[in-house]
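A.B. asks: Read off the chains here:
Number of protein chains: 4
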Amino acid sequence: MKPQIITFLIKCPDQKGIIAKLTHFFYQEGFNILSSQQYVNETEQRFFMRLRVVSDSSVVLSKEQLEERFERLAEAYQITWTVDYGGKKQKVAIMVSHTSHNLYDLLHRHKEGKLFCKVKMVVSNHEKLRPIAEMFGIPFYYLPVTSETRKAQEAELIELFDSNHIDLIVMARYMQILTTDFVKHYPNKIINIHHSFLPAFQGANPYKRAYERGVKLIGATAHYATEDLDEGPIIEQGVERVTHESTPASLKSIGADIETMVLAKAVSFHINNQIIVEGNKAIVFPETGE
Amino acid sequence: MKPQIITFLIKCPDQKGIIAKLTHFFYQEGFNILSSQQYVNETEQRFFMRLRVVSDSSVVLSKEQLEERFERLAEAYQITWTVDYGGKKQKVAIMVSHTSHNLYDLLHRHKEGKLFCKVKMVVSNHEKLRPIAEMFGIPFYYLPVTSETRKAQEAELIELFDSNHIDLIVMARYMQILTTDFVKHYPNKIINIHHSFLPAFQGANPYKRAYERGVKLIGATAHYATEDLDEGPIIEQGVERVTHESTPASLKSIGADIETMVLAKAVSFHINNQIIVEGNKAIVFPETGE
Amino acid sequence: MKPQIITFLIKCPDQKGIIAKLTHFFYQEGFNILSSQQYVNETEQRFFMRLRVVSDSSVVLSKEQLEERFERLAEAYQITWTVDYGGKKQKVAIMVSHTSHNLYDLLHRHKEGKLFCKVKMVVSNHEKLRPIAEMFGIPFYYLPVTSETRKAQEAELIELFDSNHIDLIVMARYMQILTTDFVKHYPNKIINIHHSFLPAFQGANPYKRAYERGVKLIGATAHYATEDLDEGPIIEQGVERVTHESTPASLKSIGADIETMVLAKAVSFHINNQIIVEGNKAIVFPETGE
Amino acid sequence: MKPQIITFLIKCPDQKGIIAKLTHFFYQEGFNILSSQQYVNETEQRFFMRLRVVSDSSVVLSKEQLEERFERLAEAYQITWTVDYGGKKQKVAIMVSHTSHNLYDLLHRHKEGKLFCKVKMVVSNHEKLRPIAEMFGIPFYYLPVTSETRKAQEAELIELFDSNHIDLIVMARYMQILTTDFVKHYPNKIINIHHSFLPAFQGANPYKRAYERGVKLIGATAHYATEDLDEGPIIEQGVERVTHESTPASLKSIGADIETMVLAKAVSFHINNQIIVEGNKAIVFPETGE
Numbered sequence: 059m060k061p062q063i064i065t066f067l068i069k070c071p072d073q074k075g076i077i078a079k080l081t082h083f084f085y086q087e088g089f090n091i092l093s094s095q096q097y098v099n100e101t102e103q104r105f106f107m108r109l110r111v112v113s114d115s116s117v118v119l120s121k122e123q124l125e126e127r128f129e130r131l132a133e134a135y136q137i138t139w140t141v142d143y144g145g146k147k148q149k150v151a152i153m154v155s156h157t158s159h160n161l162y163d164l165l166h167r168h169k170e171g172k173l174f175c176k177v178k179m180v181v182s183n184h185e186k187l188r189p190i191a192e193m194f195g196i197p198f199y200y201l202p203v204t205s206e207t208r209k210a211q212e213a214e215l216i217e218l219f220d221s222n223h224i225d226l227i228v229m230a231r232y233m234q235i236l237t238t239d240f241v242k243h244y245p246n247k248i249i250n251i252h253h254s255f256l257p258a259f260q261g262a263n264p265y266k267r268a269y270e271r272g273v274k275l276i277g278a279t280a281h282y283a284t285e286d287l288d289e290g291p292i293i294e295q296g297v298e299r300v301t302h303e304s305t306p307a308s309l310k311s312i313g314a315d316i317e318t319m320v321l322a323k324a325v326s327f328h329i330n331n332q333i334i335v336e337g338n339k340a341i342v343f344p345e346t347g348e
Numbered sequence: 059m060k061p062q063i064i065t066f067l068i069k070c071p072d073q074k075g076i077i078a079k080l081t082h083f084f085y086q087e088g089f090n091i092l093s094s095q096q097y098v099n100e101t102e103q104r105f106f107m108r109l110r111v112v113s114d115s116s117v118v119l120s121k122e123q124l125e126e127r128f129e130r131l132a133e134a135y136q137i138t139w140t141v142d143y144g145g146k147k148q149k150v151a152i153m154v155s156h157t158s159h160n161l162y163d164l165l166h167r168h169k170e171g172k173l174f175c176k177v178k179m180v181v182s183n184h185e186k187l188r189p190i191a192e193m194f195g196i197p198f199y200y201l202p203v204t205s206e207t208r209k210a211q212e213a214e215l216i217e218l219f220d221s222n223h224i225d226l227i228v229m230a231r232y233m234q235i236l237t238t239d240f241v242k243h244y245p246n247k248i249i250n251i252h253h254s255f256l257p258a259f260q261g262a263n264p265y266k267r268a269y270e271r272g273v274k275l276i277g278a279t280a281h282y283a284t285e286d287l288d289e290g291p292i293i294e295q296g297v298e299r300v301t302h303e304s305t306p307a308s309l310k311s312i313g314a315d316i317e318t319m320v321l322a323k324a325v326s327f328h329i330n331n332q333i334i335v336e337g338n339k340a341i342v343f344p345e346t347g348e
Numbered sequence: 059m060k061p062q063i064i065t066f067l068i069k070c071p072d073q074k075g076i077i078a079k080l081t082h083f084f085y086q087e088g089f090n091i092l093s094s095q096q097y098v099n100e101t102e103q104r105f106f107m108r109l110r111v112v113s114d115s116s117v118v119l120s121k122e123q124l125e126e127r128f129e130r131l132a133e134a135y136q137i138t139w140t141v142d143y144g145g146k147k148q149k150v151a152i153m154v155s156h157t158s159h160n161l162y163d164l165l166h167r168h169k170e171g172k173l174f175c176k177v178k179m180v181v182s183n184h185e186k187l188r189p190i191a192e193m194f195g196i197p198f199y200y201l202p203v204t205s206e207t208r209k210a211q212e213a214e215l216i217e218l219f220d221s222n223h224i225d226l227i228v229m230a231r232y233m234q235i236l237t238t239d240f241v242k243h244y245p246n247k248i249i250n251i252h253h254s255f256l257p258a259f260q261g262a263n264p265y266k267r268a269y270e271r272g273v274k275l276i277g278a279t280a281h282y283a284t285e286d287l288d289e290g291p292i293i294e295q296g297v298e299r300v301t302h303e304s305t306p307a308s309l310k311s312i313g314a315d316i317e318t319m320v321l322a323k324a325v326s327f328h329i330n331n332q333i334i335v336e337g338n339k340a341i342v343f344p345e346t347g348e
Numbered sequence: 059m060k061p062q063i064i065t066f067l068i069k070c071p072d073q074k075g076i077i078a079k080l081t082h083f084f085y086q087e088g089f090n091i092l093s094s095q096q097y098v099n100e101t102e103q104r105f106f107m108r109l110r111v112v113s114d115s116s117v118v119l120s121k122e123q124l125e126e127r128f129e130r131l132a133e134a135y136q137i138t139w140t141v142d143y144g145g146k147k148q149k150v151a152i153m154v155s156h157t158s159h160n161l162y163d164l165l166h167r168h169k170e171g172k173l174f175c176k177v178k179m180v181v182s183n184h185e186k187l188r189p190i191a192e193m194f195g196i197p198f199y200y201l202p203v204t205s206e207t208r209k210a211q212e213a214e215l216i217e218l219f220d221s222n223h224i225d226l227i228v229m230a231r232y233m234q235i236l237t238t239d240f241v242k243h244y245p246n247k248i249i250n251i252h253h254s255f256l257p258a259f260q261g262a263n264p265y266k267r268a269y270e271r272g273v274k275l276i277g278a279t280a281h282y283a284t285e286d287l288d289e290g291p292i293i294e295q296g297v298e299r300v301t302h303e304s305t306p307a308s309l310k311s312i313g314a315d316i317e318t319m320v321l322a323k324a325v326s327f328h329i330n331n332q333i334i335v336e337g338n339k340a341i342v343f344p345e346t347g348e
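Chains as they are written, first to last, in our numbering: chain G, 59 to 348; chain Z, 59 to 348; chain S, 59 to 348; chain X, 59 to 348.
Think of the hints as simulated: they come from the structure by calculation, not from any bench. Each hint should be verified, as a subset may be incorrect.
Just so you know, same-sequence chains aren't split out, so a pair can sit in one copy or run between any two.
Unchecked claim - Pairs of lysine to any residue, SDA-like flavour, derived with a Cα cap of 20 Å:
no. : residue 1 : residue 2
1   : 323       : 213
2   : 74        : 95
3   : 186       : 171
4   : 74        : 90
5   : 339       : 329
6   : 323       : 217
7   : 186       : 99
8   : 149       : 212
9   : 186       : 139
10  : 169       : 184
Using the sequences and the accompanying hints, generate a full structural model.
C.D. replies: Printed below as a string of structure tokens:
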């Protein structure tokens, strides 16, 4: 096998000897383990592991053989798993509406090589941000939508994403509701960002209401989109101090900066295979050094 | 007038020349202005000011004369105001139930002279924390309560507080509902602390639910108690990062540390006359240097 | 006078009645005071004020008359002052070398109207970042430099800046030493950003040394450039948690994000006239709501 | 073997198969692995592991046999290791001088069962804090010191600590220099706390100098004491925002709160066996859920 870093994301019932079994498997097949991160949910008796191994010429297995053999182990231990061979960049689509802060930031990081992925397209229900996509040389698709045309537009989106083999959809302030069908088509493959408050303010004009209430902190949450739109597994959160002096406008501006940082981190965690989702919870393993 | 620092908290409709009028008033009467902090709510056209002035022997007014003259100004400008002459410590009652982290911290700061107030008593619906109050030499009152006896117990509380001229009631994890009548008896004089999450988790076992949801931040909010118990004006908030590794127990422990710091700050802001409440919003002026 | 917001930045010896005098002056001349922020350095007995007033048609003074009358007051109270009439955007030059994160961020904010200034040029000692400036339609000047040519290059810089009436120079990771003469030519008009650590690491490769030392926090500081290069008045600072897992490369990447946010805030404070410098200390007044 | 949680802290040269070897060893001997945390320093090719295993009645080994067998593995892989059997609380001595915030906090946490250790004594070079130790029922030792008597006093300290089998010495604002001999007697067993600034201020009156410089952040660092007193391996750091309004006194008060939280965390990490020290770097593994 050619030298490459391979990442396994593993989940199964917690059971005696599971770490030894798993690490021994890779050792026996000639891989060197770069890092092994685990998490055990004691309440649910569930085991989670992120295993990074490196192959070299001493590994005689092909990818297919590796996966076949690992699948045998997986069956014995009721393991659900995914594998990533590292060399291939994930294909990403970014969806936007009117606001540009997240889009600029993601395209800048992408261009500078700080996000290990391939941004294939920017899709929007408005023309407004086309110049930004073009500035960075990324194809821009304009797919307007109304509540009447939602199903048809989503069909177009699915056609567009699937024909381009999109691995991850980043909703960088795409201000449209997605149907359950659409979300279900991309389980744990849609990352959304939205503002967060303590206490939460549901509904319209949250920054105005946060201002009226005199909150001292505002924040943002990045999560996977699920049927219950703002309720999916939380990937990352951020927060900043504010004061009574902050106006709704300045709160919104501070909120935009938090959203920018939080979404960039969440996308980075996803494309670096640092996340395992279980039910409504995202286990986010810290980056390891290699 | 003897040398003393006097703090005026002022609110009125915003109007042309109001800062000049107010500062000129004190200048004319011979006071030196130490600091003048304002806030204008543009939407509501309301003006707020915290004015710290110092008197010396050149001030010939008595307190009564000062207040009488200021009241004339107040009438002309529709000003609502309070004044504090600085030398007198506010009298504080601390209410607790089972948990001790806030109580220890407040009594320690009080004892070390870091909170400029006089803690007159600790009141609880349980005997459990009596030893802590006694350790610090503070009278402890045990007033048990059930839903049946709530009205009677609150009558006892009011009798106890009012006969001791209590200025501020700090609910340092007092885990009982207060009636609307009780809360209305002490407008903006009861400070409560509770945990805060993004998103919010209503109801029982919030730390367990935060754990299940995999939140990345937990926090705490100190606010004035109003009829709608957890919805009063927010005085201070704090937050800490957590990970999926955190158990409900460790979340609770981290939450306790945040509550400790946030409540101490809120109490300090109150007794330093840094807060003006308007509607459901607490305007908290930063501490000034003098 | 046409309706406009006028900002006075004022410093003088602290003295009795100064706030009343100053606010009364503007009241008498027919201005409405939007906000009045003060700071008193007790140790040094110095008074600082940021005063925002608004004119309307009832103000009969011209700018020249206003300044002439204010100067009379200033002389009486030993006041040093500056005034900004709000309508005119400050002209900004950005200096860079190799790294692009601050440049992208500033040009993005500028383009989106979030920084109230006019970025007139990007200047670099390398060609590398020219495409970014051009992407945003900002003139790019390439002025290479060696230690031998430093004086000549700085003369070119001064010629370039002064002929373009540059008000503020932002060193957005310009990795060259500036001579004392150059820095003195632009007192409190050059903002620099650099990484900060606890403890500090002087010299080369700070991220490698922070890694070797196992720091748990890294940060960044924006400050005005003075003769003693990394020692000027601090405008803003930021910090993030890191762990032993962080590599020198990931520390650098986290550091870049902090630098981005901190420099953007510092530039914003400067162009909003929120800063008064006294000696080696920057007094940064919070943004006010109007 | 009786049911117990056993923690191994391991370091060795990084080598192929090391995780598999180590986990397999415990699996073979009948232990269940609760968690396995690793860190690889790529530059130095060093491997670090914190392994938590649980024994039950199926484990036939005695402690001695376990350690003997593990030592054989250790020799083969050049492993340095320590083991902790969990049931036994570490014995802790707290050293103080004048300031009480850390002492109160640690004794409170200890009393409430939040620190899994046994505080055996408080030692001070002043009588001032004796009442606090006595309030919590902890023996207090008064050992005054001058530069002349330092060697003799340290000899007394060593006698006191060693005869009481002290495992950890917490310098909770003990304001005396320790000699190199004393520090070397307790390698990685003395935790110190001190204020931290960006930039750093060496020497006397750091809060006054931070005030004069107008810093926007202040912090604290907990570290192991080494010969170079303020330069040992960093365990934990914290930081808070401040403004120009902060006086030296209020900076000091904010600093005290940060020190309180940071030292409590550092002590907790140490007694929970979360730390491996390598050279001048502390690898602090996050708490795991079990």
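A.B. asks: Would you mind marking each hint as holding or not holding in the structure?
C.D. replies: Structure-based check of all given hints:
Taking the shortest Cα distances, residue 323 and residue 213 never come within 20 Å of each other, neither inside one copy (29 Å) nor across copies (43 Å). Taking the shortest Cα distances, residue 74 and residue 95 sit within 20 Å of each other both inside one copy (17 Å) and across copies (17 Å). Proximity of residue 186 and residue 171 under a CA criterion of 20 Å is satisfied inter-copy only: 15 Å between copies versus 26 Å inside one chain copy. For the homomeric pair residue 74 and residue 90, the shortest alpha-carbon distance between copies (5 Å) is at most 20 Å, but the shortest distance inside one copy (23 Å) is not.
In this homomeric assembly, residue 339 and residue 329 come within 20 Å of each other (Cα to Cα) only inside a single copy, at 18 Å, whereas the closest approach across copies is 30 Å. Taking CA atoms no more than 20 Å apart as the test, residue 323 paired with residue 217 passes in neither setting, with 28 Å inside one copy and 42 Å between copies. Taking the shortest Cα distances, residue 186 and residue 99 never come within 20 Å of each other, neither inside one copy (45 Å) nor across copies (33 Å). Proximity of residue 149 to residue 212 under the C-alpha cut-off of 20 Å is restricted to the intra-copy arrangement: shortest distance 19 Å within a copy versus 46 Å between copies.
In this assembly of identical chains, residue 186 and residue 139 lie within 20 Å of each other by CA distance neither inside one copy nor across copies; the values are 41 Å within and 43 Å between. Only between protomers do residue 169 and residue 184 lie at most 20 Å apart by alpha-carbon distance; the minimum there is 19 Å, versus 23 Å within a single protomer.
Hints 1, 6, 7 and 9 from the earlier list are contradicted by this structure; the remaining hints agree with it.
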